[in-house]
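Novice: Each residue of the sequence shown is one higher than the one before, starting from 782 at the first, in our numbering.
Source of the hints: derived by calculation from the structure; they are not laboratory data.
Hints are supplied without guarantee of correctness; some may be wrong.
Said to hold, decoys possible - Ranges of calculated distance between the beta carbons of each label pair, as one might list FRET restraints:
# : residue 1 : residue 2 : range
1 : Ser887    : Gly827    : 33 to 43 Å
2 : Gly853    : Gly897    : 15 to 25 Å
3 : Leu892    : Gly827    : 11 to 21 Å
4 : Tyr881    : Thr838    : 18 to 28 Å
5 : Asp904    : Pro855    : 13 to 23 Å
6 : Ser831    : Thr888    : 14 to 24 Å
Even glycine gets a Cβ: it sits at the ideal position worked out from N, Cα and C.
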Amino acid sequence: MKNVLKIFGVFCIAFLAFACSDDDDPANNDLFVGTYNGPISYAAEGETISVDDGAVTVVKTGNNYYFRFSDGIPDLTGVEFENDGDNVLVNVDFQDGVQYIRITASTLRMLYTKDGNKTWTADCDR
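Using the sequences plus the hints, can you model the full thing?
Specialist: Following this line, the structure appears as structure tokens:
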């Protein structure tokens, strides 16, 4: 009976050793999904919305991220990111205007223009 328990114990330890991989980068998980709070704004065609205590909810669908803003600010959808390997997502693009979004587990920084006249900003924390 003791041999059976020893063998069972060895199998359990081996299973845990293989199941807990060091290659699991939290950036590949849903580390960035959630709600960030702080100053947010939106401007387009003479319309400006600026809120000091707003919220942005980050949602991941497939490889794209969606940003749902509070206070009547339109959502920003379908944004793709590059993972820099340090638990940070970054989107930087200057071809279609200024597009800068940086997300960590605790911060969201954004200056994003789209269609030439729509601008979203966020300086939020969790």
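Novice: Take the hints in turn and mark each one as holding or not.
Specialist: Hints and how they fare:
The hinted range of 33 to 43 Å is satisfied by Ser887 and Gly827, whose Cβ atoms lie roughly 35 Å apart. The beta-carbon spacing between Gly853 and Gly897, approximately 22 Å, falls within the hinted interval of 15 to 25 Å. A hinted range of 11 to 21 Å holds for the C-beta pair Leu892 and Gly827, which are about 20 Å apart. Restraint check, Tyr881 to Thr838: a C-beta distance of roughly 19 Å satisfies the suggested window 18 to 28 Å.
Taking the beta carbon of each, Asp904 and Pro855 are about 18 Å apart, inside 13 to 23 Å as hinted. Checked against the given bound of 14 to 24 Å, the beta carbons of Ser831 and Thr888, roughly 19 Å apart, stay inside it.
Checked against the numbered hints above, the structure violates none of them.
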